[in-house]
Amino acid sequence: MAIPHEFAYEKPETLKLALQLLSDHGKNARLLAGGTDLANQMKQGFRVPQILIDIKGIHELEEIRMAGDQLYIGALATFTDLRNSRLIMEKVNILHEAAGMVASNGVRNRATMVGNICSAVACMDSATPLLVHESVVHTLSVNGEKKYRIQDWFVDNRKTAISEDEIVTHVSIPIPEKKYAGAYQKMMRYSGEDLSQANVSVLALSEKQFRVAFGSVGPIPKRSLKIEKLLNTEGVSTETIDKAKKMIETVIAPITDVRATKEYRMHMTKVMFERALLAAMERFKQPRIISY
Amino acid sequence: MKKISFLLNGESRSIHVEPSETLLEVLRDRMGTKSPQCGCASGGCGACTVMLNDKTVRSCLIFAIETDGQEIVTLEGISKNGLSPLQKIFLEHNVFQCGYCAPGMILSATELISRNPHPTLHEIKEAIAGNLCRCTGYTPVIEAILELTKQEV
Numbered sequence: 001m002a003i004p005h006e007f008a009y010e011k012p013e014t015l016k017l018a019l020q021l022l023s024d025h026g027k028n029a030r031l032l033a034g035g036t037d038l039a040n041q042m043k044q045g046f047r048v049p050q051i052l053i054d055i056k057g058i059h060e061l062e063e064i065r066m067a068g069d070q071l072y073i074g075a076l077a078t079f080t081d082l083r084n085s086r087l088i089m090e091k092v093n094i095l096h097e098a099a100g101m102v103a104s105n106g107v108r109n110r111a112t113m114v115g116n117i118c119s120a121v122a123c124m125d126s127a128t129p130l131l132v133h134e135s136v137v138h139t140l141s142v143n144g145e146k147k148y149r150i151q152d153w154f155v156d157n158r159k160t161a162i163s164e165d166e167i168v169t170h171v172s173i174p175i176p177e178k179k180y181a182g183a184y185q186k187m188m189r190y191s192g193e194d195l196s197q198a199n200v201s202v203l204a205l206s207e208k209q210f211r212v213a214f215g216s217v218g219p220i221p222k223r224s225l226k227i228e229k230l231l232n233t234e235g236v237s238t239e240t241i242d243k244a245k246k247m248i249e250t251v252i253a254p255i256t257d258v259r260a261t262k263e264y265r266m267h268m269t270k271v272m273f274e275r276a277l278l279a280a281m282e283r284f285k286q287p288r289i290i291s292y
Numbered sequence: 001m002k003k004i005s006f007l008l009n010g011e012s013r014s015i016h017v018e019p020s021e022t023l024l025e026v027l028r029d030r031m032g033t034k035s036p037q038c039g040c041a042s043g044g045c046g047a048c049t050v051m052l053n054d055k056t057v058r059s060c061l062i063f064a065i066e067t068d069g070q071e072i073v074t075l076e077g078i079s080k081n082g083l084s085p086l087q088k089i090f091l092e093h094n095v096f097q098c099g100y101c102a103p104g105m106i107l108s109a110t111e112l113i114s115r116n117p118h119p120t121l122h123e124i125k126e127a128i129a130g131n132l133c134r135c136t137g138y139t140p141v142i143e144a145i146l147e148l149t150k151q152e153v
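Chains as they are written, first to last, in my numbering: chain A, 1 to 292; chain B, 1 to 153.
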């Protein structure tokens, strides 16, 4: 299938040039990294940019590195880069696990994590791991740097808080001082292509504290402080897990579509919440973080 | 139109492209490289798989213009000097029927073996996932890769 419209293409070698292009073309421009979402959206006529600004020439955006207690993931880091990164495996095991479940190897070799949260399609895989890790999205425009807390980033299905003159340069993840371990659960029909019908991330922290987030069961991914409070004050038991599952009904708002019914999504989110919680607790007990 | 140059199966090639042309369209329709095919046109089926800088990618989701100065290998490049050991064992096991998924399967398995010469069953399944086969199923492909990678131990 061909792209039904013509457009211009630029590949700036520096952030400064990219920002200038973006500032010149405003909403007529679209940034291109992996392009796995964008090419599809352009084929469908959902996006009709007049110019694509390919940022793959800006090599500083490729890095995955630690600085102080922050882990930085650049805008050009692909899901394969995340899978192959020892830092990601050891510091954010939940993101490592989720990255391995994104589409197929051929897509992961190209698709970037930042592109995933910029497309912000409700079924994205990287959002809930970033939510439970209280990540921050960093942007740059001709007017300077800006930071968005990840919970403020997602505005609606396919809509983020970014303005048209901003480029996401990286995401930062604060690494907890004490021990922690995460678990990601994704409901899909088969691996290799399928989008998530629902996904759950649970992060187990020291002092029996938990963070919980749900994805693909509403227009935007959602962390639930209410469920966290229940687990963190009353502890994890059969009773509190049942209470939390009941609470999920008021936290998420799944819809029925071609991939699953809302009833099935609701039911499975409860099941996956329990699985993720128990898996995170089990992993927390291990002497060191194990990759999945 | 912009002139781009890349290494295609080891040969330097140049061509004028529109930014809107996908790599698949340029390779297949304009350069006569017929192994990548259009299946789903949305990155889901694997029929358009090529290797870009040693990694398998979906050529239907890449603009040809993005590949200026880069290296592309298609199935034609893999068998340039005769069939690879992987292709030979695929033949022995009769893993393909219609062959539509063959380029994607072969390139995906080639990428896997180059990085991981002795993959586990799980790693093989993971590597070929996203290459949809509607004829023989996946078992013969998996068994052939297992046999090949065990032989090399």
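It is worth saying that the hints were derived from the structure and are not from the lab. Any given hint might turn out to be false.
[As the list claims (entries may be wrong)] Distance condition first, Cα-Cα at most 25 Å in a straight line; then the derived BS3-like pairs of lysine-lysine:
#, chain 1, residue 1, chain 2, residue 2
1, A, K11, B, K3
2, A, K159, A, K222
3, B, K125, A, K43
Please read these numbers as outputs of a predicted model, since none were measured by experiment.
Here's how the hints hold up against the structure:
no., hint, verdict
1, A:K11 - B:K3, "holds (14 Å)"
2, A:K159 - A:K222, "holds (14 Å)"
3, B:K125 - A:K43, "violated (30 Å)"
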